[in-house]
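Keeping their order, the protein sequence lines are chains A and B.
For the first sequence, this note's numbering begins at 1 and goes up steadily by one.
For the second sequence, this note's numbering begins at 1 and goes up steadily by one.
By construction, these hints were calculated from the structure, which means they are not laboratory data.
Do not rely on the hints blindly, as some may be mistaken.
Covered stretches of chain B (in silico footprint by chain A; criterion: 3 or more residues with CB under 8 Å from a CB of chain A, positions within the stretch not fixed) [what the hints assert, rightly or not]:
(1) 58-69
(2) 107-118
(3) 123-136
(4) 233-247
Pairs of lysine-lysine residues, derived as DSSO-like cross-links and limited to a Cα-Cα distance of at most 30 Å, are as follows [unchecked claim]:
(5) Lys62(A) <-> Lys128(B)
(6) Lys248(B) <-> Lys99(B)
(7) Lys62(A) <-> Lys49(A)
(8) Lys10(A) <-> Lys128(B)
(9) Lys128(B) <-> Lys49(A)
(10) Lys99(B) <-> Lys32(B)
Note that this is a predicted model, so its numbers are computed, not measured.
We put the beta carbon where it would ideally sit given N, CA and C, even for glycine.
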Amino acid sequence: MGGRDAEYTKIIMNEFLHMGGYAVFVWSSFGISALVLLLNVLFPIMRRKQLIRDVEGHIRRKQ
Amino acid sequence: MATASKLSISDRFWRWFHGFGSPARFDRFAQKALPWFSWSAGILLLAGLIGGLFLAPADYQQGESFRIIYVHVPAAWMSLFTYVVMAMAGAVTLIWRMKLADAVARASAPLGASFTALALITGSLWGKPMWGTYWVWDGRLTSYLILLFLYLGYMALVSAIVDRRTASRAGAVLALVGVVNLPIIHFSVEWWNTLHQGATVSKMDTPSMDTSMLIPLLIMFFGFQLYYFAVMLMRVRNELLDTERRTKWVAEMLSTRK
Numbered sequence: 001m002g003g004r005d006a007e008y009t010k011i012i013m014n015e016f017l018h019m020g021g022y023a024v025f026v027w028s029s030f031g032i033s034a035l036v037l038l039l040n041v042l043f044p045i046m047r048r049k050q051l052i053r054d055v056e057g058h059i060r061r062k063q
Numbered sequence: 001m002a003t004a005s006k007l008s009i010s011d012r013f014w015r016w017f018h019g020f021g022s023p024a025r026f027d028r029f030a031q032k033a034l035p036w037f038s039w040s041a042g043i044l045l046l047a048g049l050i051g052g053l054f055l056a057p058a059d060y061q062q063g064e065s066f067r068i069i070y071v072h073v074p075a076a077w078m079s080l081f082t083y084v085v086m087a088m089a090g091a092v093t094l095i096w097r098m099k100l101a102d103a104v105a106r107a108s109a110p111l112g113a114s115f116t117a118l119a120l121i122t123g124s125l126w127g128k129p130m131w132g133t134y135w136v137w138d139g140r141l142t143s144y145l146i147l148l149f150l151y152l153g154y155m156a157l158v159s160a161i162v163d164r165r166t167a168s169r170a171g172a173v174l175a176l177v178g179v180v181n182l183p184i185i186h187f188s189v190e191w192w193n194t195l196h197q198g199a200t201v202s203k204m205d206t207p208s209m210d211t212s213m214l215i216p217l218l219i220m221f222f223g224f225q226l227y228y229f230a231v232m233l234m235r236v237r238n239e240l241l242d243t244e245r246r247t248k249w250v251a252e253m254l255s256t257r258k
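So that you can see chain B by itself, here it is in the shape it has in the complex (with noise of 0.2 Å):
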């Protein structure tokens, strides 16, 4: 038996996942996490707007139209990470029945209802002058029109049910059942005859794309992670402050607010 002295590291590491899931120690943490996410992500979404506008040269095919790039791309891999994310969160609440949890996925889907969306709005103004159409019926497109269904499906389910427990679990099994769609997204332009590009950017290849179109990119990409973490910790300390209203740390944090 491991006493208080000598932890092995699986003990180390539950001890760590238990005081972390405790709503009180995660709020504090969330509090001093805040202004760091905040203000990063706000530094690179400008710095990413202006290298985005300004600095890249005009793309040779494309003309100015590219630039649409550096909202459309991002909001769109934002939309698959956060569904990850909403998914292995449900994952937790199911198993474990962690309140952060599911107050992690709850904060998440009206996030990735919104990257989705974007995703959908600025691909939609970049076909019109692309492809000549706003819209086609292909598998990319379809499946992240789904993708998008699967988020307020998720929002009027958790919101639609009385019980929150029996709203966060029937939530958690609609996200886990939709994770079938993230490979679909992901294969549709290779499966599928589509007007949709494949990947530009990818972990495997170098890139497609010159430097100077290339960093404005990863700079768009980090902010839009870091904007991520920084509304979903917002989002995850009102649902801890509404569940927990009743607790005493909720009445000390309160009451040492400035």
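For reference, chain A alone in the conformation it holds in the complex (with noise of 0.2 Å):
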């Protein structure tokens, strides 16, 4: 009977994304705060390689 398995997977999953019709509110807290978490530590890591970069050509040239 892996038909009604299968449908009674997809009932499950549309009651959880659809958050007892609080769908929206819920969905974009969370996936704006992982955005913001995410924003955090991807900034610091460009910064820090440019960073990098620069000091040492810096301590190239003037060796």
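Need the complex rebuilt from these two chains, each delivered in its own frame; the hints are there to steer you.
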């Protein structure tokens, strides 16, 4: 009865995504939070790469 | 007088304090500590997310919308914690002119601004279905908006002043003056009539929340806390690399890099 199981999973998933009618509010809250936390990790990593390039270039020119 | 072999506790403390304040030593510490903070933060945030979205039951009054608590409350808590760190680092910058403290303050500001913005945005997304409005000009929300402006003001001030030391000191003064806002935020829900509820979880009382809902929240708390330390250390390392770029330890650190 694979078809019935698949249907059952689909119903459960839909219910989960629906969030009792609050889908827009719950998912945008979690989505925006994830985005802000990820960007806060990404920016310092990018800045570090750029800084290391700058400083290493400066050290090489001095030698 | 204390000799090298017989140091008093306060001598030991100050020796540790000065050693810890040395950019070269702190950078080595941060490099070693970062993977621990990053991995534990990542694991806890993921666990809290699963716990909050799947495992916790829906609230009997608020239904599924209460799940916003799992990002709203940790973000709000971290925005206050980060401000305290920033203000204390500012005080150390003013009193001892410690470079490391200034780096911590500068590294904390964008994180604090992000947490505050998140608390405001998720709060407003929670307010719409529960209160019927995205925003009210009440004590809690207004004092939180001021907190956001304090962070943004600090960042603008520090980047607008060309001389680095003057910039750091001006920023530190602003951060310290802004501390008055913290008790206002805390007591705002008691002083003024508001839509915002009082604390659900406090140190003094047993929390007014079921354990199955509380555990994911506590996991999220620690996750956010460790996340702050991880990103703060990354930013402090960048600040130190930038300001100490002409020193020997930076050249050594870069040459030993994998």
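Violated hints, by number in ascending order, as checked against the structure: 5, 9
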